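Q: Residue numbers (numbering that gives the first Met the number 0), protein chains in the order written: chain G, 0 to 145; chain Y, 0 to 145.
Hint data in this document are derived by calculation from the structure and do not stem from the laboratory.
Note that this is a predicted model, so its numbers are computed, not measured.
Check before you lean on any hint, since a few could be wrong.
[Unchecked claim] Covered stretches of chain Y (chain G as the covering partner; in silico rule of three or more C-beta atoms under 8 angstroms from a C-beta of chain G): (1) 15 to 25; (2) 37 to 43.
[What the hints assert, rightly or not] Examples of chain Y residues toward chain G, derived with CB under 8 angstroms: (3) 80; (4) 84; (5) 92.
Glycine included, C-beta positions come from ideal geometry on N, C-alpha and C.
Number of protein chains: 2
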Amino acid sequence: MKGEPVKYTYNTRLEWTGEKKGILKCKGKPDIVTACPPEFGGHPGVWSPEDLFLASVEVCTMTTLLWFTSKEDLTLKSYESAAIGNVELVGGVFQFSSITIKVKINVLSEGDRLRVEKILKKVKHACLITNSIDTNVCIEPEIIVD
Amino acid sequence: MKGEPVKYTYNTRLEWTGEKKGILKCKGKPDIVTACPPEFGGHPGVWSPEDLFLASVEVCTMTTLLWFTSKEDLTLKSYESAAIGNVELVGGVFQFSSITIKVKINVLSEGDRLRVEKILKKVKHACLITNSIDTNVCIEPEIIVD
Numbered sequence: 000m001k002g003e004p005v006k007y008t009y010n011t012r013l014e015w016t017g018e019k020k021g022i023l024k025c026k027g028k029p030d031i032v033t034a035c036p037p038e039f040g041g042h043p044g045v046w047s048p049e050d051l052f053l054a055s056v057e058v059c060t061m062t063t064l065l066w067f068t069s070k071e072d073l074t075l076k077s078y079e080s081a082a083i084g085n086v087e088l089v090g091g092v093f094q095f096s097s098i099t100i101k102v103k104i105n106v107l108s109e110g111d112r113l114r115v116e117k118i119l120k121k122v123k124h125a126c127l128i129t130n131s132i133d134t135n136v137c138i139e140p141e142i143i144v145d
Numbered sequence: 000m001k002g003e004p005v006k007y008t009y010n011t012r013l014e015w016t017g018e019k020k021g022i023l024k025c026k027g028k029p030d031i032v033t034a035c036p037p038e039f040g041g042h043p044g045v046w047s048p049e050d051l052f053l054a055s056v057e058v059c060t061m062t063t064l065l066w067f068t069s070k071e072d073l074t075l076k077s078y079e080s081a082a083i084g085n086v087e088l089v090g091g092v093f094q095f096s097s098i099t100i101k102v103k104i105n106v107l108s109e110g111d112r113l114r115v116e117k118i119l120k121k122v123k124h125a126c127l128i129t130n131s132i133d134t135n136v137c138i139e140p141e142i143i144v145d
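One chain only, chain G, in its complex shape (with noise of 0.2 angstroms):
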């Protein structure tokens, strides 16, 4: 309906299963299991709540920039990112206080190229979680004409 507001709703679930552990699960999703990270006071080799929400803001970024690219019918070479998060202890709360992700592409010419960089400034306002937090995030893109 015209002027009808957009909203989607997303859910997981949530089951401790023991020490600082558990298992998430989304509906017709594999599960993950989760738990508290080693430096507060949980367990390692696990993804933990730090993790996920690091990995949410590099994969929207990620998922923004297909969206620019498939809407402009431009083909990527490839795509790969690595996402460094900060957390500190603000006002005797701990947060993130910055995230940083280098991106790398490569794509088949310089028009691409400068077609590419044209979108990565349109990412950050388009990316529906950056868009959900506090934190500042940085892009820092390596584009390659490969």
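Since chain G is already given, all that's left is putting chain Y on it; use the hints.
A: Below, chain Y without anything else, positioned relative to chain G:
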């Protein structure tokens, strides 16, 4: 060193695997297949950035509560939760407008129920992820003496 700011760093990696999909990596942990969700032109049955974001809030709520119960030597019988996240178009961009976490905890005595109630009042303020986001988080607890 006394007075030195407390800081932790987290790292994730992402590799695009074609279409709107990618593989999430975190050193020493199982890979997670991820994708843009169907409502934004992506794929069903795969963890989306929206799912991961919501999950990070849900898990951090549990691990923060477990930090308090562990500190107070309080034993829970069980803990499970269901998280509901709403995404809305606000000012032309999508963002999480609200998150509700329905927490169900079984405890061993009426005394423990009162202790958990007191802890739950501190959880939101102490939760690292909730402290990093703009979205309002509402915790709806159900504590059962079992």
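Q: Among the hints numbered above, which are violated by the structure, and what are their numbers in rising order?
A: none
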